[in-house]
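Protein chains: 2
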Amino acid sequence: MPHKLLVASELVKQEGRRRLERYAEVFSSDGLDREKLLALLPELDSLIVFFWPKFLTAENLAKMKKLRFIQSILVGVNHVPFEALDERVVVCSNAGAYSLEVGEHAMALLFAASKRIAEHHLRIREGNADLASFAGAAKEMVVLEGKQLGVVGYGGIGRKVGDLGAAIGMRVLAYSRRRQKARGVKFCYGAAGLENLLRSSDAVVLSVPLSNSTSGMLGERELSMMKEEAILVNIARGDLVDQRALYEWLKRNRRAVYATDAWWFREGHETLSTDYPLPSLPNFLGTPHISGLVGLLSGRPAELAVENTLRYLRGMKPRNVVRRAEYLSQAR
Amino acid sequence: MPHKLLVASELVKQEGRRRLERYAEVFSSDGLDREKLLALLPELDSLIVFFWPKFLTAENLAKMKKLRFIQSILVGVNHVPFEALDERVVVCSNAGAYSLEVGEHAMALLFAASKRIAEHHLRIREGNADLASFAGAAKEMVVLEGKQLGVVGYGGIGRKVGDLGAAIGMRVLAYSRRRQKARGVKFCYGAAGLENLLRSSDAVVLSVPLSNSTSGMLGERELSMMKEEAILVNIARGDLVDQRALYEWLKRNRRAVYATDAWWFREGHETLSTDYPLPSLPNFLGTPHISGLVGLLSGRPAELAVENTLRYLRGMKPRNVVRRAEYLSQAR
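Chains as they are written, first to last, in this note's numbering: chain A, 1 to 332; chain B, 1 to 332.
Incorrect hints may have been included.
Taking lysine to aspartate or glutamate pairs in the DMTMM-like style, the calculated list, with each CA pair at most 20 Å apart, reads [said to hold, decoys possible]:
| hint | chain 1 | residue 1 | chain 2 | residue 2 |
| --- | --- | --- | --- | --- |
| 1 | A | K147 | B | D163 |
| 2 | A | K317 | A | D45 |
| 3 | B | K147 | A | D163 |
These are calculated hints, taken from the structure and not from any lab test.
These numbers come from a predicted model, not from an experiment.
Please build the complete structure, drawing on both the sequences and the hints.
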């Protein structure tokens, strides 16, 4: 019996499929009608997914007795329904696949926030034609050179952010679960390390996966530790930050800025609709979770997903295996 | 007879004035009434100015027979009325004084433009809550790593921009009048060099002074040489770019972006009012000439102006002497 693999995303192109076909019988969800697809599920050994496919309900997953491997094309796996998966199923994230594009986007948000680019552009666009009226705003602008950049999470994206921060002359302090070493970067560990990072950094970039242990990790207590004029950049997932606490922190600290590419989940989906009127605040800067899409356009995420699946198919240890316990019973 | 110096800006603080007093009798325009000020003019040997003082009209300048030295606290000297100055007057710019703050601002504009930060933020702020509607926009976003950054003008600010560009992994090509060398930077010279830079760069930063030879240096012909999706950053002076040609270029090339901190002069003053509705274009990004103000807050420009004036007073060759011919008869 050959290994049966379902590719549930059009992002894996012909060439990738051909490479996979040397080790498995490869099916494409977009090439099968619903009946055939459902009939195939119990025979499948592995899956490559992007967004979680709607047809893979808990009920249908229960029928997939042979399933042992899932490769995500997204870097995060918080969209995977771990509760409905047999614990023998190995789930792999796609860490590193988007590091360049997402890391650059984090720097773009940091630079834009530090110089209040969007806020000033908006005022000019609305017809404020008096140059002198902006003079006071210079006091709110932050010079990045010499300031401390705290990087929370040192995976592929965190590393890229740390490298870019050090390159432009910032002092970089990174929080990591694992012991790490990197040129121009200091590391801290554990709860005390994170607290120190939040208290001492001029800018903080969030680049951790959303999991049980990170959901809501920045609440009222943590935000209140931060400097009044801190810039908080979220390049990972909206739900790392407690929305209500954030809203109150930004209202209270006019000089603090929250700059994000990631938004909160509502009913299982990320949405630009917020529970509090964050986008109306002058110190909130948002982009529409677009950095990963730029990475996708490079083709690299799908390529790396294929590479890692090939490792699994050839009996090698796949990369980026996620710890199931960190994602069980998580409110998505 | 002691040397008489008039400090015509409050930016030079007590400590700076004390240092100057060791070599000259120092007057402050804000400490003198109009009558005394006018009586003093014929006796003055030197001046430190920020914006050009209103009382220094052509008529009053004609009375200043002893004047031999003017130090600008602004980096540019296009505000100095060279036509009304005796040719024996040495005029010094303040090159280098704002390099850090203005260089970082240039990078902030470049990053913001490359990721369309302000454009997307604005759409979200206007209530566009549909994440999916932004998917197509990813194609318009530019990854900076590996792309070519053309730096036009390699003074203090140009050098800082080149350093930052190389640090984030861009290939840097700089246009300079003088032969230069710098790690990670290639140089080009002359009209052919500039043309090659414009044709081959993915992003161009303007960091030249506004003078006879640079006013309107980017007109229809030069803009049409540039890549369709080029990002043009102006961190120097609005009038380097022909406003009408720019408007037409941006209308024609939806993927090109013009990101500027500098605005055009009208009746001798820089203003956010434009002759063409540039700020309404989605590919125009503007900040209110604020980068220099951030530099001013550091106190460094006034300090460096004092340092250079001290060099002159002590008989040393002052730095940043400008070539008078480049500023004569210039439409300001």
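Going down the list of hints, with the structure as the test:
no.: 1; hint: A/K147 - B/D163; verdict: holds (18 Å)
no.: 2; hint: A/K317 - A/D45; verdict: holds (16 Å)
no.: 3; hint: B/K147 - A/D163; verdict: holds (18 Å)
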